[in-house]
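A.B. asks: Listed below are the residues making up each chain.
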Amino acid sequence: MLTLTCPCCGMTVEETELAPGGEAHLKRFGPGSSDAEFEGYLFARKNPRGVHFERWRHAYGCGKWFLAARCTATLEVFGTYPAQTTEPPASIVAAIKARRPDWEGLK
Amino acid sequence: MSTRLATGGRLIDRTKPLGFRFNGKRLKGFAGDTLASALLGADQMLVGRSFKYHRPRGIIASGVEEPNALVGLGTGARFEPDQRTTTTELFDGAETSSQNHWPSLETDIGVLNNWAYRFLPAGFYYKTFMFPRAAWKHVFEPIVRQSAGLGKVPTERDADRYEHAYAFCDLLVVGGGVAGLSAALEAGRAGKRVIVWEQTAHWGGRSPVDGGQIDGMAPEDWVAGVLEQLAAMPNGSLRARCMAAGLYDHGYVLGYESVGDATPGDGRPRHRLWRVRAGQIVTATGAIERPLAFAGNDVPGVMLASAVRDYVVNWAVSPGDRTVIVTNNDDAYRTALVLLDAGLVVPAVLDARETPTGELIEAVRARGVRVLAGRGVAKVKGGKRVQGVQVCAQAGEGAVLEEIGCDCVAMSGGWSPVVHLWSHCGGKLLWDEANACFRPDPSRPPTGADGAAMVRAVGAANGALRLPEALADAGGPPAVAAAEGPMAPVWVMPQGAPPALRFKAFLDYQNDVKVSDVQLAAREGYESVEHTKRYTTLGMATDQGKLSNINGLAILSDALGQAIPVTGTTTFRPPYTPISFGAIAGEARGEIFQPLRRTPMHEWHEANGAHWEPVGLWRRPYSYPRAGEGLRDAVNREISNTRNSLGMLDASTLGKIVVKGPDAGKFLDMLYTNMMSTLPVGKCRYGLMCNENGFLMDDGVVVRLSEDSWLCHTTSGGADRIHGWMEDWLQCEWWDWKVYTANLTEQFAQVAIVGPNARKLLEKLGGMDVSKEALPFMTWAEGELGGFRARIFRISFSGELSYEIAVPASEGMAFWKACLAAGEEFGAMPYGTEALHVMRAEKGFIMIGDESDGTVIPQDLGLGWAISKKKEDYLGKRAQQRSFMDNPDRWQLVGLETLDGSVLPDGVYAVAEGHNPNGQRNVQGRVTSTYFSPTLGKGIAMGLVHRGPDRMGEVLDFPADAGKVFRARIVDPVFYDKDGEKQNV
Chain A
1 MLTLTCPCCG MTVEETELAP GGEAHLKRFG PGSSDAEFEG YLFARKNPRG VHFERWRHAY
61 GCGKWFLAAR CTATLEVFGT YPAQTTEPPA SIVAAIKARR PDWEGLK
Chain B
1 MSTRLATGGR LIDRTKPLGF RFNGKRLKGF AGDTLASALL GADQMLVGRS FKYHRPRGII
61 ASGVEEPNAL VGLGTGARFE PDQRTTTTEL FDGAETSSQN HWPSLETDIG VLNNWAYRFL
121 PAGFYYKTFM FPRAAWKHVF EPIVRQSAGL GKVPTERDAD RYEHAYAFCD LLVVGGGVAG
181 LSAALEAGRA GKRVIVWEQT AHWGGRSPVD GGQIDGMAPE DWVAGVLEQL AAMPNGSLRA
241 RCMAAGLYDH GYVLGYESVG DATPGDGRPR HRLWRVRAGQ IVTATGAIER PLAFAGNDVP
301 GVMLASAVRD YVVNWAVSPG DRTVIVTNND DAYRTALVLL DAGLVVPAVL DARETPTGEL
361 IEAVRARGVR VLAGRGVAKV KGGKRVQGVQ VCAQAGEGAV LEEIGCDCVA MSGGWSPVVH
421 LWSHCGGKLL WDEANACFRP DPSRPPTGAD GAAMVRAVGA ANGALRLPEA LADAGGPPAV
481 AAAEGPMAPV WVMPQGAPPA LRFKAFLDYQ NDVKVSDVQL AAREGYESVE HTKRYTTLGM
541 ATDQGKLSNI NGLAILSDAL GQAIPVTGTT TFRPPYTPIS FGAIAGEARG EIFQPLRRTP
601 MHEWHEANGA HWEPVGLWRR PYSYPRAGEG LRDAVNREIS NTRNSLGMLD ASTLGKIVVK
661 GPDAGKFLDM LYTNMMSTLP VGKCRYGLMC NENGFLMDDG VVVRLSEDSW LCHTTSGGAD
721 RIHGWMEDWL QCEWWDWKVY TANLTEQFAQ VAIVGPNARK LLEKLGGMDV SKEALPFMTW
781 AEGELGGFRA RIFRISFSGE LSYEIAVPAS EGMAFWKACL AAGEEFGAMP YGTEALHVMR
841 AEKGFIMIGD ESDGTVIPQD LGLGWAISKK KEDYLGKRAQ QRSFMDNPDR WQLVGLETLD
901 GSVLPDGVYA VAEGHNPNGQ RNVQGRVTST YFSPTLGKGI AMGLVHRGPD RMGEVLDFPA
961 DAGKVFRARI VDPVFYDKDG EKQNV
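Protein chains in written order, with this note's numbering: chain A, 1 to 107; chain B, 1 to 985.
Since the hints were derived computationally from the structure, they do not count as laboratory data. Certain hints may be false.
Below, computed lysine-lysine pairings styled on BS3-like, alpha-carbon distance capped at 30 Å [said to hold, decoys possible]:
1) B:K384 / B:K28
2) A:K64 / B:K869
3) B:K869 / A:K27
4) A:K46 / A:K27
5) A:K27 / B:K384
From a predicted model like this one, the values you see are computed outputs, not experimental measurements.
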């Protein structure tokens with residue numbers, strides 16, 4: 001059972017206090033998008049062994065959504081950051097590179 | 001014979017005798033006994049029968065590894081099967097009973113299986129029950145069901161209570177032996193918050209029994225001193241009888257504490273489940289002695305060497321007058337010395353090694369004991385009790401050299417570190433050649449949130465099996481113990497044992513897995529240890545292979561011709577030993593199983609005979625049956641009264657979410673399929689919400705409160721989910737939109753006043769103008785009604801003249817009562833959710849969860865009118881443009897009327913011509929809602945039917961149970977007042 005730090009309220013909390021929201025940094029495709037784009041947005045999810053970005057909500061706390069970068073194999077957490085961004089901030093990228101030099105970046 | 005010695009016993013208090021019963025027989029023990037030591041002290045070696053062959057089985061161990069000595073404990077509401085006698089503390093009046101036998105422990109008919117053992121090898125079930133197919137159902141399964149199962153299921157509700165507890169620490173030390181205490185002391189002195197758990201009732205682990213010196217003291221004295229220091233530390237916490245059941249991600253550990261096991265009924269919880277977050281974890285979990293595999297190693301009286309000395313030293317119990325020791329290591333000689341010191345006889349030590357030498361061996365020889373080198377056990381003689389051993393050369397095939405009479409055999413195959421916790425969360429193991437065991441690999445530990453090691457194994461758990469090494473490993477003081485020579489890996493005794501011996505050499509005692517079974521599995525191609533485990537059931541018993549796994553692995557490896565580490569181990573999974581379901585449930589049972597949400601009028605409903613229906617965590621009145629009235633009668637009465645006169649519904653559970661801000665209209669246009677931004681202030685509009693897959697997820701009436709704020713009603717069960725859904729989009733996608741949401745569901749009580757007399761009731765309450773002109777259908781107004789601050793919405797879910805009135809929650813009960821009083825002269829009567837459902841179905845209104853199931857789009861339900869064609873985008877719009885969604889071949893909403901007026905069963909399917917590839921009838925629709933309509937005097941239903949709206953008047957077949965086929969005609973789903981004349985008055 002994971003512990004994650006909510007970047008909004010600063011609490012380090014148990015997974016039971018959080019609600020998972022799946023993969024982070026998805027780009028929404030609406031009307032006007034191609035079938036392939038829409039399928040990718042709605043259904044195609046990464047399932048990497050290693051560095052992954054996820055959405056979490058501090059559901060039984062401050063109620064805010066945030067994003068987490070962690071390793072799916074070791075459950076190491078590289079950092080958490082507010083959800084109001086389309087890509088991981090530089091500090092998170094640096095933290096990941098420090099621990100996983102081979103990481104090729106968010107694709 | 002086993003018996004209680006006249007003196008000694010460091011854990012028992014002879015001034016406190018305790019009485020207990022085993023299979024009805026009255027026996028005596030002492031305070032400090034375990035059930036096992038008390039049974040042995042009362043000469044009860046035979047305690048149960050094995051699972052498969054029903055062979056007589058005795059106590060073999062003295063701790064958690066015991067596979068045999070499981071009993072049913074307690075009676076009635078405090079009965080529990082499969083209680084391990086070696087870890088259960090004796091208490092006065094304990095009622096115990098043996099398991100797995102019929103008709104009695106002494107005479108068991110199932111032992112026939114034992115005579116047929118050649119025909120019950122590994123995989124017997126897989127092989128035998130394949131053909132003929134019918135034989136499984138009619139012959140094998142009934143027999144297997146009859147004889148399967150370990151122990152009896154309790155028949156009464158558990159009378160005990162259980163609880164969860166939470167703790168946090170810098171260091172959790174698991175294991176209160178000398179290594180664990182050393183690690184705890186070091187951390188405590190460094191100022192860390194330390195918690196130490198010990199699974200037994202006693203501290204010090206094996207050291208008080210095994211001897212040696214720590215820091216110049218007897219181990220017992222050193223342990224007492226350390227405990228005193230730790231107890232005095234404000235940052236230290238010691239907890240005995242607490243077993244670490246599992247180690248999980250990020251330093252999460254579950255502990256299982258026995259609190260009231262030995263004091264049933266004293267009001268304390270029986271078990272406590274500890275949920276701990278630890279910065280670091282030290283596993284000082286010790287090691288478990290391995291049995292040796294020789295023929296008859298399961299005859300009652302064959303025990304682990306360490307257990308024999310535990311019983312003598314700790315509980316002054318002699319397992320037998322004459323004990324033959326059989327070993328492959330020096331440690332077992334300690335047992336010989338303990339037995340000799342107690343005045344008991346050791347006829348011989350059979351040492352599988354060719355030239356055993358060392359301090360302990362010489363000490364035993366010096367006491368005049370025969371030490372037979374290079375010797376093993378060919379076979380143990382005896383049935384329900386050991387009578388002797390046949391000695392053979394370990395190097396040979398079992399030719400009997402001599403026979404030695406004895407009533408106990410103490411065996412030792414070496415020691416295996418307890419690596420379970422280390423392994424639960426990803427820690428890896430390495431093979432230790434010298435001790436022939438797996439131990440934690442320090443270079444591959446379980447890691448925590450920061451990617452660093454979160455667990456350290458110390459002492460015997462880390463493979464440092466001897467006292468001085470163990471203490472050095474744990475950072476403890478210097479210690480001395482008798483020097484030991486190398487052990488020899490011995491997996492089968494004798495090494496060339498022929499089939500007749502291997503057939504009786506047990507590995508897994510509880511599941512009756514023998515050496516021959518594992519070898520057979522290997523021959524049949526089971527090369528993976530995980531597959532062999534499942535094929536033979538090795539290690540699958542309640543002891544989870546604590547005694548059998550390494551021996552089984554070694555034999556499998558030998559059969560496959562590969563090294564043990566190549567074979568590897570099976571996966572260690574929590575819990576370390578079985579924990580009670582009660583502990584897992586904790587306090588969450590009965591009334592407090594989950595929180596209950598109550599509306600402000602809940603107590604009135606309760607006092608007035610409401611029959612409750614759970615709706616999420618809410619309880620809503622299903623109906624209000626009167627004396628002598630059935631539920632169905634009550635629902636019919638409530639409907640008729642509402643349609644003809646006046647009904648009142650507690651609608652407080654309806655979700656109420658305020659959405660406010662400059663961008664609120666734009667936001668709601670994205671959330672709902674229809675246009676909400678254009679809704680004029682003062683008006684109400686029914687809206688639908690879809691997910692991004694286009695499927696309908698919620699519906700409700702939206703109210704424009706003011707220029708920048710809307711009130712969104714949701715379904716009763718959907719309020720929290722929909723509020724979360726809104727927040728998700730606002731926080732993660734449109735975070736620059738200026739919108740604020742608040743879930744006000746519990747801030748308002750809401751009452752629906754429904755029926756032809758509704759307006760009369762409101763007018764009598766007085767205050768606001770509720771006339772047709774001032775407050776037409778689908779509008780709302782705020783004001784004072786009967787002295788209450790009220791918002792009145794003219795909306796209807798029944799098709800009647802209807803007002804839904806919201807008042808502050810704190811005034812809900814008073815308002816409800818005021819309405820009842822005012823409505824009395826007009827025939828006001830409360831109605832419940834079932835009447836609500838029937839009335840909405842009569843009107844053809846859909847219900848989320850009935851007509852929708854997560855695969856239905858609004859267009860399927862004839863709700864195309866509620867989907868904006870003008871909007872460029874809304875959640876679900878792109879999905880609804882996919883070819884499969886935009887397709888006339890979908891199943892669509894229709895009404896269904898049986899030809900004979902009967903009520904269709906819920907959920908039945910309409911069949912079509914032909915069969916599908918599975919040989920089932922093709923289907924063309926299904927029933928989604930079905931009721932008896934008292935208004936129309938017949939059954940009515942709604943359903944989704946292939947191209948349904950184009951097929952009005954067609955008759956469909958709905959096969960139901962017992963061959964009955966319902967025939968129903970496709971009709972308009974609006975059964976009552978199609979033109980809405982009743983609600984629009």
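A.B. asks: Take the hints in turn and mark each one as holding or not.
C.D. replies: Results for each hint:
no., hint, verdict
1, B:K384 / B:K28, "22 Å, holds"
2, A:K64 / B:K869, "34 Å, violated"
3, B:K869 / A:K27, "25 Å, holds"
4, A:K46 / A:K27, "13 Å, holds"
5, A:K27 / B:K384, "72 Å, violated"
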